[in-house]
Amino acid sequence: MTKDKKTSEDILMEAARSAKKNSYSPYSGFPVGAAVVLEDGQIFTGTNIENASYGLTCCAERVALFSARTASSAKIMALAISIGPDGAKLPERSLVPCGACRQVMSEFLAPETPVHVDGNRSFTMDELLPHCFKL
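Residue numbering for the sequence shown is 1 to 135, as defined by UniProt numbering.
FYI, nobody ran anything at the bench for these hints, they're computed from the structure. Hints may be right or wrong, so weigh each one.
Using 30 Å as the maximum straight-line C-alpha spacing, the simulated DSS-like pairs for lysine-lysine come out as follows [as the list claims (entries may be wrong)]:
(1) LYS75 - LYS21
(2) LYS21 - LYS89
(3) LYS5 - LYS21
(4) LYS5 - LYS89
(5) LYS21 - LYS6
(6) LYS75 - LYS6
(7) LYS134 - LYS21
(8) LYS6 - LYS134
(9) LYS134 - LYS89
Please build the complete structure, drawing on both the sequences and the hints.
Here's what the structure looks like:
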């Protein structure tokens, strides 16, 4: 059986890969792209933007989430992340969002929301950060 139609996950991952092309990562050489889809079907993307002062770097996941929230308060249905240079062989453990992104993601994604990582697998938000900080 051939796959004739792209799934919503495929479309979201393509958006993340496309965003990754605009990465500004001159210090690490490690581009990342992310895309979120809202319940109304809108897709918002983000890419990592590095700074010589590393603490001021913005991760792709947070850029995508903040872009979506700036434009809409609709529920986020899924997040896709494309990590690292195309074709790079990376250890599986490096193919997940950083801790800061996981905490921010937990603010906007329900525990069961899927997070698709390019070249790795899919997780739920709860699998990525089962004990997030909450007030």
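Are the Cα atoms of LYS6 and LYS134 separated by 30 Å or less? violated, 37 Å
Starting from LYS5, check that the Cα of LYS89 is at most 30 Å away, please. holds, 28 Å
Taking only the CA atoms, is the gap from LYS75 to LYS6 under or equal to 30 Å? Measuring from Cα to Cα gives roughly 22 Å; hence the hint holds.
Is the straight-line distance between the alpha-carbon of LYS134 and that of LYS21 30 Å or less? violated, 34 Å
Check the hint pairing LYS21 with LYS89 against an upper bound of 30 Å on the C-alpha distance. holds, 18 Å
If you draw a straight line from the CA of LYS134 to the CA of LYS89, is it 30 Å or shorter? violated, 36 Å
Can you confirm whether the C-alpha distance between LYS21 and LYS6 stays at or below 30 Å? This hinted pair holds, its Cα atoms lying about 21 Å apart.
For the pair we were handed, LYS5 and LYS21, check the Cα-Cα distance against 30 Å. Roughly 24 Å between the alpha carbons, so the hint for LYS5 and LYS21 holds.
Hinted pair LYS75 and LYS21, Cα distance within 30 Å: holds, 26 Å
Taken one by one, the earlier hints fail for this structure at numbers 7, 8 and 9, listed in ascending order.
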